[in-house]
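A.B. asks: Next come the chains, spelled out residue by residue.
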Amino acid sequence: MTDTPTASQPTAAVKSPAAHEAPIIQIDGLDKTYASGYQALKSIDLEIQRGEIFALLGPNGAGKTTLISIICGLVNPTGGRVIADGHDIVHDYRAARATIGLVPQELTSEAFETVWNTVSFSRGLFGKPPDPAHIERVLRDLALWDKRNNKLITLSGGMKRRVLIAKALAHEPRILFLDEPTAGVDVELRRDMWNVVRRLRESGVTIILTTHYIEEAEEMADRIGVISHGEIILVREKQALMRQLGRKELMLQLATPLAALPEALAGRGLTLDDAGRQLVYTYDAQQDATGIAELLRAVDAAGLEVTDLQTRQSSLEDIFVGLVKEH
Amino acid sequence: MNWYAIRTIYRFEMARARRTLLQSIVSPVLSTSLYFVVFGGAIGSRITQIDGVSYGAFIVPGLIMLMLLTQSVSNASFAIFFPKFSGTIYELLSAPVSHFEIVLGYVGAAATKSIILGLLILGTASLFVPLTIAHPLWMVLFLALTAVTFSLLGFIIGIWADNFEKLQLVPLLVITPLTFLGGTFYAIDMLPPLWQTVTLANPVVYLVSGFRWSFFGSADVSVAASVAMILLFLTACLGIVAWIFRTGYRIRP
Numbered sequence: 001m002t003d004t005p006t007a008s009q010p011t012a013a014v015k016s017p018a019a020h021e022a023p024i025i026q027i028d029g030l031d032k033t034y035a036s037g038y039q040a041l042k043s044i045d046l047e048i049q050r051g052e053i054f055a056l057l058g059p060n061g062a063g064k065t066t067l068i069s070i071i072c073g074l075v076n077p078t079g080g081r082v083i084a085d086g087h088d089i090v091h092d093y094r095a096a097r098a099t100i101g102l103v104p105q106e107l108t109s110e111a112f113e114t115v116w117n118t119v120s121f122s123r124g125l126f127g128k129p130p131d132p133a134h135i136e137r138v139l140r141d142l143a144l145w146d147k148r149n150n151k152l153i154t155l156s157g158g159m160k161r162r163v164l165i166a167k168a169l170a171h172e173p174r175i176l177f178l179d180e181p182t183a184g185v186d187v188e189l190r191r192d193m194w195n196v197v198r199r200l201r202e203s204g205v206t207i208i209l210t211t212h213y214i215e216e217a218e219e220m221a222d223r224i225g226v227i228s229h230g231e232i233i234l235v236r237e238k239q240a241l242m243r244q245l246g247r248k249e250l251m252l253q254l255a256t257p258l259a260a261l262p263e264a265l266a267g268r269g270l271t272l273d274d275a276g277r278q279l280v281y282t283y284d285a286q287q288d289a290t291g292i293a294e295l296l297r298a299v300d301a302a303g304l305e306v307t308d309l310q311t312r313q314s315s316l317e318d319i320f321v322g323l324v325k326e327h
Numbered sequence: 001m002n003w004y005a006i007r008t009i010y011r012f013e014m015a016r017a018r019r020t021l022l023q024s025i026v027s028p029v030l031s032t033s034l035y036f037v038v039f040g041g042a043i044g045s046r047i048t049q050i051d052g053v054s055y056g057a058f059i060v061p062g063l064i065m066l067m068l069l070t071q072s073v074s075n076a077s078f079a080i081f082f083p084k085f086s087g088t089i090y091e092l093l094s095a096p097v098s099h100f101e102i103v104l105g106y107v108g109a110a111a112t113k114s115i116i117l118g119l120l121i122l123g124t125a126s127l128f129v130p131l132t133i134a135h136p137l138w139m140v141l142f143l144a145l146t147a148v149t150f151s152l153l154g155f156i157i158g159i160w161a162d163n164f165e166k167l168q169l170v171p172l173l174v175i176t177p178l179t180f181l182g183g184t185f186y187a188i189d190m191l192p193p194l195w196q197t198v199t200l201a202n203p204v205v206y207l208v209s210g211f212r213w214s215f216f217g218s219a220d221v222s223v224a225a226s227v228a229m230i231l232l233f234l235t236a237c238l239g240i241v242a243w244i245f246r247t248g249y250r251i252r253p
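These protein sequence lines are chains W and B, in that order. Using UniProt numbering, read the first sequence as starting at 1 and increasing by one per residue. Using UniProt numbering, read the second sequence as starting at 1 and increasing by one per residue.
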């Protein structure tokens, strides 16, 4: 066995500079209608950039898993085309699938296999010669090394999830799909999982994750795609999305309740809550002139006594709920 | 060819047999040996020779065939049914392996196990009854072809079955009766004339007859018919497997 390499060492193949511009996954007009007649995907167009973390958001049944399943080869597409790292997923499936790793949503495992064997099995299945040093590296990175001789049936849910990630990484993929990676995982493990994913990205792996936890996308993603009823309704940089749609609110608690908004404060975009105890000011935090200073002066001049103040940024969840409702 | 994948699947399946040694090796060998003891030793000594062969020896090829058919089918069907049932098949479907390679791995392993079992039972039988093998090469060929063909059939059943009951249906309700009625324990000419004709519709008759010919040099039906029947079966199974993968039937919607 070799010495322990660190997580920062690339597990994926070295990226060629020329390939930087081309998207690592290109999806054109992808359709899927199941035999039952159910149309799960409607002409999906999507590009995933090399090295990014892309979060695919959507309610249950929106088509997230179908989309991933087609790219990974579990489901046959009805129409359209997917190119993964330069290879058509249907006509050149060997080369395409060799670059992809998949961590499925369900915790499925060969109960009586050991961690080491099941991860080695995955590497062989993907056509790679045995490489104990690589398997060791993957297991150590995922904190599974001590469990390598344990049977899968003896592991906790969180550990099993890690084993599935290890299996997906066993053949050194350039693209990793994580289908609901933290579904049913407790808060601590979820944070842990996020760190694992970030380390993977640092090592050069492109990551596509589906989730219906907004928090997860907000925490991790570089870009976000929203899918609803089989259609991609939005793809945006996370920051831009937050900037564009995210609004900020300033809340001022008043010492004495007001019956109505004083005239001196009218026309400033202020609202008074029903109890008359709180003034709410909505503004765009990205702009230079937020108008907060003037507002506070005006409030003071109006003779209102403020006992507390707080601000709130609207989350992706607010944005997302709005988007899906609109659609 | 993705040789690493074929080897990986093959080894995984063989390791499963080693893990379940009692169930996959010891149990079939023991249960088949019981037939030798009861029918060959105890009852067989009261039965006259058939075509110049003692009854105890006469039933050996048929019993090996019986075990070969049921074990090939159950081994291969379980091997592909279980990943489907547990969900681990996602990995197989997402791997850069062709359909042919998947079949080669699973069917190869199931057939290997059956052949090993067949040879073990042959060895065990020779402890109880005097055995000669007239055409050893043909014997091995019949053994291998039958093991491969019925492992393919098992693979098909494993894909088709969507519950454990269906998995057991074909081995219990089709293969076992056909084998018992296929001349395992008797020569066809011991039957009334009408049944001699009816029994020719049973494909297992041809398998048992050909296999028995390789031991004792005498057969119920012509050897050519036996070989043709195995090849016909093999072709049919290969055709169905090809169709399964082309359409994604029950594995890739």
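Honestly, the hints are just simulated from the structure, not real lab data. Where is the CB? At the ideal position from N, CA and C, for every residue including glycine. Careful, some of the hints might be misleading.
Partial list, computed: chain W residues near chain B (C-beta under 7 Å) [to be verified]: (1) V90; (2) R94; (3) A98; (4) F121; (5) G127.
Think about it this way: if two alpha-carbon atoms lie no more than 25 Å apart in a straight line, the pair counts; the simulated DSS-like pairs of lysine-lysine are [what the hints assert, rightly or not]: (6) W/K147 / W/K128; (7) W/K248 / W/K42; (8) W/K238 / W/K42; (9) W/K160 / B/K84; (10) B/K166 / W/K151; (11) W/K147 / W/K160; (12) W/K128 / B/K166; (13) W/K151 / W/K128; (14) W/K248 / W/K238.
Label-pair distances were calculated between CB atoms; the ranges are [to be verified]: (15) B/D189 / W/T154: 31 to 41 Å; (16) W/E326 / B/R7: 49 to 59 Å; (17) W/W145 / B/L21: 48 to 58 Å.
A.B. asks: Work down the list of hints and note, for each, if the structure agrees.
C.D. replies: Here's how the hints hold up against the structure:
no.	hint	result
1	V90	violated (12 Å)
2	R94	holds (4 Å)
3	A98	holds (5 Å)
4	F121	holds (6 Å)
5	G127	holds (4 Å)
6	W/K147 / W/K128	holds (23 Å)
7	W/K248 / W/K42	violated (35 Å)
8	W/K238 / W/K42	holds (24 Å)
9	W/K160 / B/K84	holds (19 Å)
10	B/K166 / W/K151	violated (29 Å)
11	W/K147 / W/K160	holds (11 Å)
12	W/K128 / B/K166	violated (36 Å)
13	W/K151 / W/K128	holds (23 Å)
14	W/K248 / W/K238	holds (16 Å)
15	B/D189 / W/T154: 31 to 41 Å	violated (59 Å)
16	W/E326 / B/R7: 49 to 59 Å	holds (53 Å)
17	W/W145 / B/L21: 48 to 58 Å	violated (30 Å)
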